[in-house]
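These protein sequence lines are chains L and A, in that order. Under this note's numbering, the first sequence has 113 at position 113, and the numbering climbs by one with no breaks. Under this note's numbering, the second sequence has 395 at position 395, and the numbering climbs by one with no breaks.
Calculated from the structure, these hints are not laboratory results. As the structure is a computational prediction, the values presented were derived from the model and not from experiment. There may be inaccurate statements among the hints.
Simulated crosslink set (DSBU-like; lysine-lysine; CA at most 35 angstroms straight-line) [stated by the list, open to error]: (1) 100/A with 250/L; (2) 250/L with 384/A; (3) 72/A with 306/A; (4) 250/L with 378/A; (5) 100/A with 398/A; (6) 357/A with 72/A; (7) 72/A with 100/A; (8) 378/A with 306/A; (9) 250/L with 398/A; (10) 250/L with 306/A; (11) 272/A with 216/L; (12) 72/A with 378/A; (13) 140/L with 188/L; (14) 100/A with 189/A; (15) 306/A with 100/A; (16) 390/A with 250/L; (17) 76/A with 357/A; (18) 269/A with 357/A; (19) 100/A with 390/A; (20) 188/L with 216/L; (21) 390/A with 378/A.
Listed below, chain by chain, are the residues.
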Amino acid sequence: MSTIQESEREEIREALVRFLRAEAGEERLREGMQRDRGYDEALWRQLADMGLLGITVSEAYGGIGGSTIDAAMVAEELGRSLLPVPFIETCVMVPSLLESGDITEETQDILSAIVRGTATIAIGGNTALAPYRDPDSTLKLNSDGSVSGEVSLVMHGAHADFLLLTFGSDAQTRCVLVSSDSGYDVDKQTANDPALRPATIKLNNTPCTALTGLRKDDLERARLRGVAALSALQAGAARAIFELTIDYLKTRYQFGRPIGSFQALKHIAADLFLEVESATSAAHAAANALASADPLAAKSVALAGFICNDAFRDVSAQAIQLHGGIAYTREHVAHLYWRRARATLSMLGDSNTHREAYLNTWEAAA
Amino acid sequence: MSQFDSDASPEALRVAVLSWLDTHWDSENRRPLTEPTYDRRHWRQQVLEAGLAVPSWPPEWFGLGMTSAQCKVIEKAFAERNAPGTGLDRYHLGAITVFKAGSDALKREMLPELLTGPICCLLYSEPNAGSDLAGIRTRAERDGEQYIINGQKVWTSNAREADYGMLLARTDWDAPKHRGITFFLFPMKQPGVEIRPINQITGESEFNEIFIENAVVPERFMIGNLNEGWGSFQTAIAYERLIMGQGITGRRRNSATRSRPPLLELAEKTHKLNDSVIRQRLAQALAYREVNNLNNERAMTEMMTKGSMSLMSLSKLAMSRIQHDEAAIATDLLGPEALLDGPDNSDAANTNFDAAKAYMNSIGGGTDQIQRNIIAEKVLGLPKEHEPDKGIAFREVKSGAGPRTAG
Numbered sequence: 001m002s003t004i005q006e007s008e009r010e011e012i013r014e015a016l017v018r019f020l021r022a023e024a025g026e027e028r029l030r031e032g033m034q035r036d037r038g039y040d041e042a043l044w045r046q047l048a049d050m051g052l053l054g055i056t057v058s059e060a061y062g063g064i065g066g067s068t069i070d071a072a073m074v075a076e077e078l079g080r081s082l083l084p085v086p087f088i089e090t091c092v093m094v095p096s097l098l099e100s101g102d103i104t105e106e107t108q109d110i111l112s113a114i115v116r117g118t119a120t121i122a123i124g125g126n127t128a129l130a131p132y133r134d135p136d137s138t139l140k141l142n143s144d145g146s147v148s149g150e151v152s153l154v155m156h157g158a159h160a161d162f163l164l165l166t167f168g169s170d171a172q173t174r175c176v177l178v179s180s181d182s183g184y185d186v187d188k189q190t191a192n193d194p195a196l197r198p199a200t201i202k203l204n205n206t207p208c209t210a211l212t213g214l215r216k217d218d219l220e221r222a223r224l225r226g227v228a229a230l231s232a233l234q235a236g237a238a239r240a241i242f243e244l245t246i247d248y249l250k251t252r253y254q255f256g257r258p259i260g261s262f263q264a265l266k267h268i269a270a271d272l273f274l275e276v277e278s279a280t281s282a283a284h285a286a287a288n289a290l291a292s293a294d295p296l297a298a299k300s301v302a303l304a305g306f307i308c309n310d311a312f313r314d315v316s317a318q319a320i321q322l323h324g325g326i327a328y329t330r331e332h333v334a335h336l337y338w339r340r341a342r343a344t345l346s347m348l349g350d351s352n353t354h355r356e357a358y359l360n361t362w363e364a365a366a
Numbered sequence: 001m002s003q004f005d006s007d008a009s010p011e012a013l014r015v016a017v018l019s020w021l022d023t024h025w026d027s028e029n030r031r032p033l034t035e036p037t038y039d040r041r042h043w044r045q046q047v048l049e050a051g052l053a054v055p056s057w058p059p060e061w062f063g064l065g066m067t068s069a070q071c072k073v074i075e076k077a078f079a080e081r082n083a084p085g086t087g088l089d090r091y092h093l094g095a096i097t098v099f100k101a102g103s104d105a106l107k108r109e110m111l112p113e114l115l116t117g118p119i120c121c122l123l124y125s126e127p128n129a130g131s132d133l134a135g136i137r138t139r140a141e142r143d144g145e146q147y148i149i150n151g152q153k154v155w156t157s158n159a160r161e162a163d164y165g166m167l168l169a170r171t172d173w174d175a176p177k178h179r180g181i182t183f184f185l186f187p188m189k190q191p192g193v194e195i196r197p198i199n200q201i202t203g204e205s206e207f208n209e210i211f212i213e214n215a216v217v218p219e220r221f222m223i224g225n226l227n228e229g230w231g232s233f234q235t236a237i238a239y240e241r242l243i244m245g246q247g248i249t250g251r252r253r254n255s256a257t258r259s260r261p262p263l264l265e266l267a268e269k270t271h272k273l274n275d276s277v278i279r280q281r282l283a284q285a286l287a288y289r290e291v292n293n294l295n296n297e298r299a300m301t302e303m304m305t306k307g308s309m310s311l312m313s314l315s316k317l318a319m320s321r322i323q324h325d326e327a328a329i330a331t332d333l334l335g336p337e338a339l340l341d342g343p344d345n346s347d348a349a350n351t352n353f354d355a356a357k358a359y360m361n362s363i364g365g366g367t368d369q370i371q372r373n374i375i376a377e378k379v380l381g382l383p384k385e386h387e388p389d390k391g392i393a394f395r396e397v398k399s400g401a402g403p404r405t406a407g
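All chains, full assembly: derive it from the sequences and hints.
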């Protein structure tokens with residue numbers, strides 16, 4: 001359970017909202033897109049100064065020991081802002097993995113560095129734990145304990161301070177940590193979303209540290225926490241572009257009246273509102289279920305997985321349509337939401353996979 | 001002075017209510033302790049006198065001035081003892097409307113009666129006033145101290161059992177449509193009121209058509225002021241939609257979490273649980289239900305904490321999609337068998353019934369399209385569409401049959 005009280009959580013949220021509004025508006029977002037990382041590193045350090053990067057890290061390692069509910073709250077606001085930071089990997093999934101495995105001096109150092117904002121971690125591989133699963137990954141562990149092979153679709157891979165590489169199968173997943181000092185080649189990949197920085201990583205007998213003491217449950221928990229945080233991020237982003245669109249419907253005049261008065265558009269808006277609220281409800285339910293160790297948490301997470309995926313996709317797509325010509329331009333922000341929605345559709349499992357997992361939990365329960 | 005203190009702690013209130021019930025109600029035999037059998041009117045009278053029938057209303061109007069949280073405590077205590085009769089301030093549409101919109105004189109005369117005995121039905125829709133409800137043409141004409149009513153109403157449930165109807169009638173044909181309507185408490189058991197059941201597409205007949213010819217309603221049974229009935233009606237309809245939302249929540253949560261969903265069973269029975277397309281559709285249908293429950297829970301919380309009703313309006317629209325989708329999947333699961341019907345083909349008959357019944361939600365109580373307008377305008381704040389009948393005398397407004405006449 002979380003060590004953060006409800007009232008404290010609202011205070012943290014308000015501070016984060018104020019910060020993002022002041023420091024991470026559209027102009028800053030577009031400026032960040034020109035940079036190597038896709039975002040301004042100063043913002044990441046400021047989030048660290050606010051204590052938010054250690055939101056799920058135990059107090060023992062300098063974090064604030066929050067739960068999935070707190071992580072979801074931060075993700076929701078980051079989603080609204082479209083800031084392309086590696087929050088889900090670095091601040092949710094990796095701490096979950098490191099804290100449930102064997103604690104070593106190195107893992108302690110990494111956890112502290114995460115909290116301070118001095119270590120970002122990218123995750124890659126061919127297992128369900130990789131945000132973008134690369135089925136063609138050739139990663140393998142050598143007999144001397146080093147790692148070799150090639151893996152693509154590693155988000156933030158080019159600039160991360162550590163790589164967490166996963167391989168094997170979903171039934172038997174292995175994880176190793178590779179420091180960016182260890183020497184490997186990076187080929188940057190071009191993403192459709194101009195803020196995102198995927199990369200191909202090529203390793204050749206690269207030294208690494210195997211994560212030990214991780215049971216299957218621990219790996220699954222880290223994945224579920226990642227999906228729950230991603231769902232919250234999508235719910236927040238969907239709500240942001242929805243609100244922007246509703247404002248436009250009220251202020252854009254054609255035929256001598258606001259276009260939002262036309263039922264053809266109004267009805268789409270009402271349906272999208274249902275999608276947005278459903279995404280929020282599903283994301284919150286998933287975060288709550290994980291925080292309270294609900295035995296049916298996997299079901300809630302699978303539900304949020306596809307409800308939020310589809311809501312963000314539909315809302316951002318309709319946002320362009322409802323705006324009309326103005327949103328067919330690069331200057332307008334709508335396409336950035338739409339691109340991000342498309343980029344997250346296959347992150348940590350696509351909707352069809354989540355739906356299948358969801359139905360499985362129904363069958364198992366009955 | 002009441003024995004129930006609105007400053008009492010929840011636990012003290014619970015104890016007080018339970019002890020009142022224990023001296024008045026035989027929970028084992030479900031009857032008042034003082035009487036050999038259960039008589040609805042007598043029991044409701046006792047509950048009313050204790051202030052427990054409508055606890056949220058102020059003490060001078062039969063209540064206890066309790067908050068909604070305190071009312072919940074009272075309702076729970078009644079449920080613990082298996083006793084009926086509380087919560088009428090949430091469920092009795094007729095009494096609520098009279099309480100919210102009626103004159104003091106009407107409240108004094110009618111509330112004690114409404115809260116103990118009679119059943120009320122709703123006389124709102126007309127054959128030519130459905131989605132455009134304010135376009136009603138049932139006439140109320142003043143005749144001394146009473147009004148003479150002529151017209152036709154439709155989609156009225158419980159009409160045969162009802163003692164009173166909540167009636168919307170036109171009293172001014174020269175005012176714009178919303179401003180010439182008056183709300184009445186209409187006595188149903190009188191000559192000139194003819195009730196005909198409607199044969200619905202499901203085979204049911206829960207609704208009726210009401211033909212009203214020269215029936216009368218005393219002037220003192222007017223709810224609110226002359227020609228201001230539309231405002232009073234808004235109070236009534238808001239409560240009706242609230243009750244619909246609550247009903248949906250309660251019923252669905254049981255079926256969603258406690259047993260295997262019927263659709264899953266049908267898929268198994270028809271050997272299609274391995275079909276990947278069907279599996280995706282099943283998951284989506286189950287998800288719509290679960291998400292609707294989650295939305296309703298958030299709606300309740302938001303209403304309690306912020307007084308916000310915005311989420312509440314989504315449930316009815318969401319339910320239309322759920323019911324039509326589920327019926328469509330069940331039809332596909334059955335395949336050719338779905339063409340059959342009748343008691344020998346219960347799966348087909350149930351599926352066909354559900355497919356027809358789904359329209360009850362997507363048309364009744366405001367169509368999905370009207371519901372989308374309401375969400376867009378009242379919740380999202382989008383402007384109303386151009387209204388050609390706005391500000392025009394009702395008798396000049398176009399109807400499908402040309403300009404309406406006052407007859």
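Going through the hints against the structure:
no.	hint	in the structure
1	100/A with 250/L	34 angstroms, holds
2	250/L with 384/A	11 angstroms, holds
3	72/A with 306/A	18 angstroms, holds
4	250/L with 378/A	13 angstroms, holds
5	100/A with 398/A	33 angstroms, holds
6	357/A with 72/A	32 angstroms, holds
7	72/A with 100/A	21 angstroms, holds
8	378/A with 306/A	17 angstroms, holds
9	250/L with 398/A	29 angstroms, holds
10	250/L with 306/A	25 angstroms, holds
11	272/A with 216/L	32 angstroms, holds
12	72/A with 378/A	28 angstroms, holds
13	140/L with 188/L	21 angstroms, holds
14	100/A with 189/A	25 angstroms, holds
15	306/A with 100/A	22 angstroms, holds
16	390/A with 250/L	21 angstroms, holds
17	76/A with 357/A	32 angstroms, holds
18	269/A with 357/A	23 angstroms, holds
19	100/A with 390/A	27 angstroms, holds
20	188/L with 216/L	32 angstroms, holds
21	390/A with 378/A	18 angstroms, holds
Checked against the numbered hints listed earlier, the structure breaks none of them; every hint is satisfied.
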